[in-house]
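Here the sequence shown is numbered in the UniProt record's numbering, starting from 1 and rising by one per residue.
Since the hints were derived computationally from the structure, they do not count as laboratory data.
Among the clues, some could well be false.
To be verified - Below, simulated BS3-like cross-link-like pairs (lysine-lysine); rule was C-alpha separation at most 27 angstroms, straight line:
no.	residue 1	residue 2
1	K202	K99
2	K540	K481
3	K280	K451
4	K539	K109
5	K273	K457
6	K553	K199
7	K53	K115
8	K383	K418
9	K559	K540
10	K551	K540
11	K359	K36
12	K170	K359
13	K99	K115
14	K359	K418
15	K273	K397
16	K99	K53
17	K569	K508
18	K418	K481
19	K383	K230
20	K53	K63
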Amino acid sequence: MSDAGDLPSTSTADSVTVASRIPFAELAGFLEKVQKKHGTDGKRQMFREFLEKWREFHKQLHKNNLDTKDNFYPVLRLLLPQLERERVAYGIKEHTLAKLYIEILGLAKESTDAKKLLNYRAPTAKQEAGDFASVAYFVLRNRCPEKGSLSIQDVNTCLDGIAASNAAKKKDVVKKNLMHLLRNTSALEQKWLVRMIMKDMKSGLSQVSIFHAFHPDAEDFFNVTNNLSKLCADLRDPSVRMNEVGISVFSAFSPMLGMRANLNQVEKLMEHKPFYIETKLDGERMQLHKEGNDYKYFSRRSHDYSRSFGETPDDGSLTPYITNCFKRNVRNCILDGEMLAYNPDTKTFMTKGENFDIKTLKDDEDLQVCYCVFDILLYNDKKLANLPLHERVEYIKEVFTPVEGRLHIVERREASSKQEVVTALNDAIDNREEGIMIKNPNTTYLPDRRKGSGWLKIKPEYVDNLMDELDLLVVGGFFGKGIRSQMVSHFLLAVAEPPEVPGEHPVKFIAFAKVGSGYTLKELYDFNQRLLPHLKVFKKENPPSFLQFTKEKPDMYVKPQHSFILQVKATEINSSTSYPTGCTLRFPRVEKVREDREWHQCMTTDELENLRQASEGKLATKYAGLEGDEDVPSKKRKVATRTAKPVGVAARFMAADVSEVTKVSEMFAEREFCVINGPPSHSKTELEKKIVEYGGQVVQNPGYETFCVLADKVNLKVRNIISCDIYDVVRTEWLLTCLEEKKCLPWLPSHMIHVSPETKEQFSLLYDRHGDSYTEDVDAEKLKEIFDKVGQEGDYHMLDSEAIAELEQKYFPGESPLGLFRLCKVYMDSTLIISDQSTHIKDCSLDLVAMEMRFYGATVSPKMADDITHVVLDHSDKTRLPSYKKLLRQRRSKFHLVSPEWVHACIEAGKMLSERRFELGLPAD
1 MSDAGDLPST
11 STADSVTVAS
21 RIPFAELAGF
31 LEKVQKKHGT
41 DGKRQMFREF
51 LEKWREFHKQ
61 LHKNNLDTKD
71 NFYPVLRLLL
81 PQLERERVAY
91 GIKEHTLAKL
101 YIEILGLAKE
111 STDAKKLLNY
121 RAPTAKQEAG
131 DFASVAYFVL
141 RNRCPEKGSL
151 SIQDVNTCLD
161 GIAASNAAKK
171 KDVVKKNLMH
181 LLRNTSALEQ
191 KWLVRMIMKD
201 MKSGLSQVSI
211 FHAFHPDAED
221 FFNVTNNLSK
231 LCADLRDPSV
241 RMNEVGISVF
251 SAFSPMLGMR
261 ANLNQVEKLM
271 EHKPFYIETK
281 LDGERMQLHK
291 EGNDYKYFSR
301 RSHDYSRSFG
311 ETPDDGSLTP
321 YITNCFKRNV
331 RNCILDGEML
341 AYNPDTKTFM
351 TKGENFDIKT
361 LKDDEDLQVC
371 YCVFDILLYN
381 DKKLANLPLH
391 ERVEYIKEVF
401 TPVEGRLHIV
411 ERREASSKQE
421 VVTALNDAID
431 NREEGIMIKN
441 PNTTYLPDRR
451 KGSGWLKIKP
461 EYVDNLMDEL
471 DLLVVGGFFG
481 KGIRSQMVSH
491 FLLAVAEPPE
501 VPGEHPVKFI
511 AFAKVGSGYT
521 LKELYDFNQR
531 LLPHLKVFKK
541 ENPPSFLQFT
551 KEKPDMYVKP
561 QHSFILQVKA
571 TEINSSTSYP
581 TGCTLRFPRV
591 EKVREDREWH
601 QCMTTDELEN
611 LRQASEGKLA
621 TKYAGLEGDE
631 DVPSKKRKVA
641 TRTAKPVGVA
651 ARFMAADVSE
661 VTKVSEMFAE
671 REFCVINGPP
681 SHSKTELEKK
691 IVEYGGQVVQ
701 NPGYETFCVL
711 ADKVNLKVRN
721 IISCDIYDVV
731 RTEWLLTCLE
741 EKKCLPWLPS
751 HMIHVSPETK
761 EQFSLLYDRH
771 GDSYTEDVDA
781 EKLKEIFDKV
791 GQEGDYHMLD
801 SEAIAELEQK
811 YFPGESPLGL
821 FRLCKVYMDS
831 TLIISDQSTH
841 IKDCSLDLVA
851 MEMRFYGATV
861 SPKMADDITH
871 VVLDHSDKTR
881 LPSYKKLLRQ
891 RRSKFHLVSP
901 EWVHACIEAG
911 KMLSERRFEL
921 GLPAD
């Protein structure tokens, strides 16, 4: 950044901002360097240096008597545009920008560059395909000035103008601002400007990395406030820490979330203590803020929907009906719950899969808006987030009186066993509900926390064998973005229309769903390789005759006879106008390819309709059972109970008696420790007394407030704690060092037996994987300790052929010819294996073929092992063919019998060819 000493010393204080003095070109250049930098650590370090330069520039302006009152917000909102969704909505897509570029540059519509911009996703765009910003850069690089004239503040002003004009539907003003940006920036600046407008940066700098570098509390602060401007204003000094983040009326925050879990985890995650079971509501998560007669409604993403539901008792689809439900003494409150649509005729709630939008429901419709409350965060200025759940929910009944179909309190029941969870889940399946919630009654409210929050969500799709599976035919594909930009990443799936003549193959197929999850990148690559020879460009003016569709039109299509069937799971079947079936799948995911089915054996429209009616949309039609149940014919199945016996506690597991311990220091104040065992020189009891003596607290089992777990050796209990991946497990030598130096020292990697995900993220910023610090010098003893870790067992390992093949397909698809036979394990018929296991080696021309196959990645086995994939035989000697055929019939895993010509043909073609025309047949009997 430019030197502040060169700036004029006189200026009005109100007009000076750092953002007005820094060219946007400097930010674009920084982002370009970050994108090209390899490694996450290097990118983070570059951002720290950029941030430090900004802060130094700010200080230097002050030294020049220029009172700058701005902060890092002008830059942060550009680096993280996806976090400004509600504040800044541009309403601009790639196609709009493409037409503007063509107009500004005066390009002919049929010119090559114009087509590139308009068809940026087309595979003919080579390396830029799928990324409009890169395509625009290559078109503009010879048409723009080398450096633009706009500052960071200028760019933000234009972007704010675009957002405001878009909200006011002033398209001419939007166009004017866009033209100003495009005409006053370089091609490189426009590349990053486009990504900011599209809110998809692709720089490699994650939100977590930026927040951690900006301020230690930035991530937690944003999780509560969802406000970048407030974050930059309140946390502008990284040395000033936040002690407590408050939740206040009319200030949106990210709600507490439930962690996905299965039946077998519940009792363990609830610490074998009683818990609450609630119905998981299938609506829109919503906060209700009330202050007098003013109301605000915020979504999970902090979007403000107060106008829809009602800001006063006189407007909206909900507030007029609930305002009299609140008790007279309620001045203000914040409620957490779910907004649902209620059918007053059937007295049932509708699911999100039905064809309606809860935010636009009107009074004259058949459905009405209903708010279901399950938590409360504030009551008459009293903040309740730090109270345990069982205390918080008691306040709800003091706030309002429920009214059927308008304002409900979510029912909860106390449970303590897995069997009760199974019964509750089966009840939810019977009632066509989304699932159940399990909540720890002792948890405080942790905004935006999911893992370790004490809230669990269990749905039928999380339990194996409870969901129906659909066999659907791939009929088209959509090009992806990012790492998938070179491939078809999503697939259009169809059902078959039953043929008019029974027994014949179907000729008409109906588009039904679009799927883009459930497969790895390698599997996606395999799908693309399988479809590539048969994919055809989908043209709206000349669509394929076999396919019926409505709104969802693929980029490419494939004829049924050249395609394959995918087994797909989903949560339910929704009504939809996007498909001619009138319905589609909610949250579909691929289970596997149905290799055992031909293309014409996919699901039919009749089968789809039968399933839809039988399941009433929900695809969970089986019941959950306890672990070990093979079949569960009825959810009311009796389970043998076991009489509980009193269990004694061994002395080594009992808590130390600290009633007579005298506190001498506050070194460990407000820190809770769980000591599992100690070294020979210090027992568990001694360590616990020392912790209390120095101001800390001790517990016998780690909980949500536990600072760390201390252990000297790894036993069964330590292994169980490690398997939870929630707590930091620290060696007791760290504690002893703290006691010796009389201060609470930071952890080093050498202190850790196990690190939690949060600590691992922090360590990754400071140390490499061997524990070597990026910033601190080490002495000879420490360096020797680090070197001892390098090369330890598990640190490095040899990759097998499958692992190498996965890496080749992931990073070098189609570019690794020396991996041609990587997945082949070959036996050359130059070695004859006799029945008594003795071998006879004969001189054979196949030795050269074996060398060629090894050169191209194959594994050549000296024995006829069980995992052999190919046997290569010389044409001149086929005497052992009958023996191989007999062996083929006996083996479960089959192998190919091929001639050396197959090997030579594959090498010449540069790809694996079908073995069929090179297979060796038996000589005539």
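Notebook entry, point to check: Among all the numbered hints in the text so far, which are the ones the structure does not match?
Noted result: Violated hints (numbers, rising): 7, 8, 11, 14, 16, 18; every other hint is consistent with the structure.
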